[in-house]
Amino acid sequence: MENIEIKSKPRRQILIATDGSETANEAADFGIEMVGCSGAKVYAVYVIDTTPYRSVSLDKIWSKETLEEFERAGHEATSYIEKIGKAAGIEVESRVLRGNPAEKIISFAEDNNIDMIIVGSLGKGGYERLVLGSVSEKIVRHAKIPVLVVREKHRSDKKLIQA
Amino acid sequence: MRSTLYRKILLATDGSESARKAADTAIELSRLSGAKIYAVSVIDRSVYSSVPEDLDWEEEMYDRFRELAEEAVSYVEKTAKNAGLEVEPVLLEGHPADEIVNFAEKNGMDLIIVGSLGKSGIERFLIGSVSEKIFRNAKVPVLVVRAKSQ
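Chains as they are written, first to last, in this note's numbering: chain A, 1 to 163; chain B, 1001 to 1150.
Watch out, some of these pointers could steer you wrong.
[Unchecked claim] Quick list of in silico lysine-lysine cross-link-like pairs, DSBU-like style, CA-CA up to 35 Å:
1) A:Lys60 <-> A:Lys144
2) B:Lys1078 <-> A:Lys83
3) A:Lys41 <-> B:Lys1106
4) A:Lys86 <-> B:Lys1021
5) B:Lys1021 <-> A:Lys41
6) A:Lys104 <-> A:Lys83
7) B:Lys1106 <-> A:Lys144
8) A:Lys41 <-> A:Lys86
9) A:Lys138 <-> A:Lys86
10) A:Lys64 <-> A:Lys104
11) B:Lys1021 <-> B:Lys1139
12) A:Lys144 <-> A:Lys83
13) B:Lys1036 <-> A:Lys83
14) B:Lys1078 <-> B:Lys1036
15) A:Lys104 <-> B:Lys1139
16) B:Lys1133 <-> A:Lys104
17) A:Lys41 <-> B:Lys1036
18) B:Lys1021 <-> A:Lys104
19) A:Lys144 <-> B:Lys1139
20) B:Lys1021 <-> B:Lys1036
21) B:Lys1081 <-> B:Lys1139
22) A:Lys104 <-> B:Lys1081
23) A:Lys144 <-> B:Lys1081
24) B:Lys1106 <-> B:Lys1081
Treat the hints as calculated values from the structure; they're not laboratory data. Treat the numbers as computed from the prediction; the structure is a model and nothing was measured.
Can you build the whole structure from these sequences, using the hints too?
Set out below in structure tokens:
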């Protein structure tokens, strides 16, 4: 029992990535449930996609109103995680970042000593079993830390048993 | 204790370094949740089924693969038992990704844990073909654990 290194580490930190989609919310449900008993801290992260168009970062082109709109969408997405985290007694910190979503999520995770990233399998455009969201796929491929991918159709109430 | 918990964790292992990391993660999660670990290893017959028939050789290969799979599974079994956890070793035969996904769906697994790379893994950019097929096809949540974390 003593030889499990992970146990000796300080408090665990989990990153839950969200784009406000149904899949992301399901991933968050599963993640919060999983984190529940461990006492870990959760970062809810939304990235405003400003992937440059011809070397001009989009947030330099967008009007103030557009940016505010994205910021609002971001806070709305992360507030869902804050809400379910609060209900489960978990500390949740929200962050709305700007940049390329997969890159930002990975670099945020590395800079903040995150132990695990949780993502939904599909973004807003997802439709099929065989398709994995490009952001999720990039995260799985490039992150150095464990990544949990939660499928769109996963229904926690169906699969999980009441304890 | 919180109200709902996942109960069954499928740990896919091939005895590689990243599979061991995945095993450590499975054990940690199991300790937190009380979930039972199914340590699954698949004997991949597809890799030599296209070779012209040579029964002796085929049998030898099969025995060797079986030995490796048993080793991989028993490592997890031993570690989990030492930690006082419930664990069940499972040996399957066929295409690894297909067998793992099928087993998970048929047996109501709540989570699949895989290492990111198999035995031939070299680079950060690569992800094992089996792991990739699993996280693309499984309906169950999949946790991919890197070979060399941090």
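Decide if the proposed pair is consistent with the structure: Lys1133 (chain B) and Lys104 (chain A), CA atoms, cutoff 35 Å inclusive. Holds. Lys1133 (chain B) to Lys104 (chain A) sits at ~26 Å (cutoff 35 Å).
Would you check the hint for Lys104 (chain A) and Lys1081 (chain B), treating anything up to 35 Å between C-alpha atoms as holding? Violated, because 39 Å separates the two Cα atoms, which is more than 35 Å.
Would the pair Lys104 (chain A) and Lys1139 (chain B) pass a check requiring their Cα atoms to be no farther apart than 35 Å? Roughly 27 Å separates the two Cα atoms, so the pair holds.
Take the C-alpha atoms of Lys1021 (chain B) and Lys41 (chain A), compute the straight-line distance between them, and say whether it is at most 35 Å. 22 Å, holds
For the pair supplied as a hint, Lys41 (chain A) and Lys1106 (chain B), confirm whether the alpha-carbon distance does not exceed 35 Å. The given pair, whose Cα atoms are some 33 Å apart, holds under the 35 Å limit.
Is Lys1106 (chain B) close enough to Lys1081 (chain B), meaning Cα to Cα at most 35 Å? With a Cα-Cα distance of about 25 Å, the restraint between Lys1106 (chain B) and Lys1081 (chain B) holds, given a limit of 35 Å.
Has the given pair, Lys1021 (chain B) with Lys1036 (chain B), been kept, meaning a C-alpha gap of at most 35 Å? Since the Cα atoms of Lys1021 (chain B) and Lys1036 (chain B) sit roughly 18 Å apart, the hinted pair holds (cutoff 35 Å).
Under the criterion that the straight-line Cα-Cα distance not exceed 35 Å, is the pair Lys138 (chain A), Lys86 (chain A) satisfied? 30 Å, holds
Would the pair Lys144 (chain A) and Lys83 (chain A) pass a check requiring their Cα atoms to be no farther apart than 35 Å? This hinted pair holds, its Cα atoms lying about 29 Å apart.
Hint consistency between Lys1106 (chain B) and Lys144 (chain A) [alpha-carbon to alpha-carbon, up to 35 Å]: This hinted pair holds, its Cα atoms lying about 31 Å apart.
Pairwise hint evaluation, Lys86 (chain A) against Lys41 (chain A), where the allowed Cα distance is 35 Å at most: Status holds; Cα separation ~12 Å.
Do the alpha carbons of Lys1078 (chain B) and Lys1036 (chain B) lie within 35 Å of each other, as the hint requires? Holds: Lys1078 (chain B) and Lys1036 (chain B) sit about 14 Å apart, inside 35 Å.
Hint compliance for this structure: hints 2, 22 are not met, and every other hint is.
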